[in-house]
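Here the protein sequences come in this chain order: A and B.
The opening position of the first sequence corresponds to residue 1226 in our numbering, with each subsequent residue numbered one higher.
The opening position of the second sequence corresponds to residue 9 in our numbering, with each subsequent residue numbered one higher.
Worth flagging that the hints you see were computed from the coordinates, not collected in a lab.
Check before you lean on any hint, since a few could be wrong.
[Unchecked claim] Result set (DSS-like, lysine-lysine): computed pairs, CA atoms no more than 27 Å apart in a straight line: (1) B:Lys306 x B:Lys344; (2) B:Lys188 x A:Lys1309; (3) A:Lys1238 x B:Lys188; (4) B:Lys344 x A:Lys1309; (5) A:Lys1309 x B:Lys186; (6) A:Lys1271 x B:Lys344.
[To be verified] Some chain B residues close to chain A (C-beta under 10 Å, calculated; not the full set): (7) His135; (8) Tyr192; (9) Asp313.
Quick reminder that beta carbons are idealized off the backbone N, C-alpha and C, glycines included.
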Amino acid sequence: MIRRKLSIILENKPGALVRVVGLFHQRGYNIESLHVDPVIELKKYKYVEDNLNIKIAEGEVSHLKITTTVNDNLLRQILRQINKLIDVLMAEEIK
Amino acid sequence: MKLAGNDILIQSLLKEGVEYIFGYPGGAALHIYDAIFNQKKLQHILVRHEQGATHAADGYARATGKPGVVLVTSGPGATNAITGIATAFMDSIPMVVISGQVAKHLIGTDAFQETDMIGISRPIVKHSFTVESAQKIPEIVKQAFHIATSGRPGPVVIDVPKDTTAPDKLFDFSYPSKVKIRSYNPPVNPKSSQIERAVEAILESEKPVIYAGGGAINSNASKELFLLNEILDFPVTNTLMGLGVYPATHERFLGMLGMHGTYQANMSMHNADLIIAIGARFDDRITNTPKLFAPNAKIIHLDVDYSSVSKIIEANIAVFGQVKNSLSEIIKLLNKKRDLVDNKKIKPWKEQISEWKDLHGLNHQMYLNESDNKSIMPQAVVQHTYNITNGRAFITSDVGQHQMFAAQYYHFDEPRKWINSGGLGTMGFGLPAAIGVKLAYPKEEVVCITGEGSIQMCIQELSTCTQYNLPIKIININNEALGMVKQWQDMIYGGRHSESTYQSSLPNFIELAESYGHVGIRIEKNSELKSGLEKAFSLKDKLVFVDVYVDPDEHVYPMLVAPNGSLKDMWLDKDNKT
Ligand SMILES: Cc1ncc(C[n+]2csc(CCOP(=O)(O)OP(=O)(O)O)c2C)c(N)n1
Ligand SMILES: [Mg+2]
C-alpha cells in the first residue's frame, strides 16, 4: 500500500464534488486529505484542454486534489470509477 | 412557442419519443400531472406503489431497449422509487426518473414532503439533475436521456422543484436537436490494436469459452455474437442477465453459468484456456472465489465500461467499445484470416464438454415422471410453461428458487425475453415488470414466474393490471416458504428455518386474484398441472393467476460450494458434491 496523490478536474457545478467524495465511501476507499479550488490560472491547465480538445473558461472547472493509500490495482479501479462520473473531466495520479 | 414549465417537461418527453410514463401523483408533482391531463399523446400508467412504477418502467426498458420513464412526487413518492432505481442501476437499465420536489425557496427547511432525493439516490444513479428553472428543462431532459441510454446505460434522476413547473409563467420552448457533454465520452469503437490481439488469442486457443452477459443484450449484439460463432464454433455460456443473447436451444450453448449454472458451463469455464467475456462483469455469483477462478485461462474482455474490466479478474486483453461494434471488428478481421481458423483444433475440448453434459447435465424432461403419488416438481412447472408457450414468451421473474428454475429450464432463444433482477435481486420485481413488458408488446405472451413470497411484495399491482386490461399470466410456484432462504438454511444452518415460513398465513391467492377481477387457478396435483396451465394460457383476454403447490423440500442444483470454492466445486444434489 502506497500513499497516492490524485488530481481530478471536474465541472465547477453544485453536486459535482460530493459525487467524487461519495464514491470513495461507496467503494470502500479512504480519503486522507482533500483540497479543492476553482481553476483561475488557465495556462497551467492547458494540458486538460489539449487532452480533451476543449476550451475552459475561468472558474468553470475545479481542481480537486485527494490523497489516499491504496495498491496499484485498486488505484486503477478508483481512477476509472472517478473518470466514469459524468461531471469529471480528468482523473489521474500525480507522481 | 410559449409554454409553462409543466408543459415544457411533457413536450420534452414527447420529443424523446416517450409513449408511456409510469407514475403516482402527489403535491409536488401536481403541476406536471395537470400538464399530463391536458394532452393525449403521452400515456400515464397509474401504478399502486412507486416501486411498481420503477419496475414497470424497467421491464418496458429491458423488453424494448428504450428508456423507461417514471414520475413520482417528492418525499415518500421519491423514497418509494429507490428500490426500483437501484434495481435498474445494478443491471444497467436505461431509465429516467422524474421526481417532484418542494419549491426552491423551501429547500433545506424540512418542508412538508421534502427529502434530498439527489442525495438519497446518488450512489444508485448514473447521474442526476436538479432543475433550477423552467428554461433549463429541455436541455436537462435531452442530457438525461442521452446519459441514460449511451455507454453503459443506467438510471438518471431529474429532481423538479415545484415552482419550476408553475403553470402561470410562460417561456419560449425549443428542444435541442443535439447533445454534447464534454466530460462524458464513453467508448464506441474499439482500437484496432486491441482487436488484433484478441483475434491472435482466439486463433491460438484450444479450450475456448464465450461468456456473454447483460452488456451484450444492452448493446444489441446478439446477431454479431451469433455470426462470430458461426466462424468460431466455440461453446457459449450466458450469465443470468445474458440469457437469450445466444440461442439456448443451439447445440453450442452450455446453459447458464455461476452459482446455479449447469455443470458443463461451470466446468468449461474452470478448465478453459481462453475466456471471451462479452458485456459481463465477473460478478461474485459467477467467479466463486476469484483467486481460484479459471486458473489456466487467458481473458479477453469486451466492455463499454472501463471500470468493469480488470475489476475482479484481470483481463489479458481489454477491448473497450460498444460490444456490438467490437464483435463486428473481430468478425471482419477473422474473415480476413479465415484460412487460419481451424475448427478441428477444439474438437477434443468439445468432446470433453459433451461428456460433462452427459454426466451431470440438467434433466429437461422431468415432467415425464409425473404421478399423483408425488409432489409437483417446480422445475416441471417451468418445463410445461416452456412447452405450452413454444419457448416464445416474455418471462419476468422475481427472486428465489423459482427464478433459478425459470432461468435453468426455460430456454431463451432471443434476447430481451428474460426479464429479471439479476444484480440487486429484488423480490417484487416480476409483476410490475410484466406490466411494462405487456404495455410494450400487447400481442405477445407475457408470463411472470414468481414465488408466493416475492409476489406479495408488489401484489397491489394486480389492480393496475385491471385498470389497463393487461392479460398477464402469473405462475406462482408456491412452496409455502421463502424457499431460497430455506435452502441456505438447510445447507448451511443445520436445517434451522429461521423466519422463512409463514405458518399458514398465506392468502387464498385465487380469491385475491378474483377480487381484482382476474381469474385464479389452483393446481395441487401432477395430473392437473399440464391441463391447468393450458387452460390459463387459453384465456387470452384474462389475467390468470395460477397458484401451483410444489414440493416444499426441493432445492436448486447445481449450486457452487462457497466459501473458498472454485467453479468446479458444486453441489449436484442434496447428498453429492463434485
Ligand atoms: C426485497 C428482498 N428481500 C429479501 C430478499 C432475500 N431473499 C432472496 S430469495 C428469498 C425468498 C423468496 O421467496 P419466494 O418468492 O417464495 O421464492 P422461492 O425461493 O420460495 O421460490 C428472499 C427472502 C430479496 N432478494 N429481496
Ligand atoms: Mg416460495
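Item to check | Hints that the structure is at odds with (numbers, increasing) | outcome: Hints 4, 6 not satisfied by this model.
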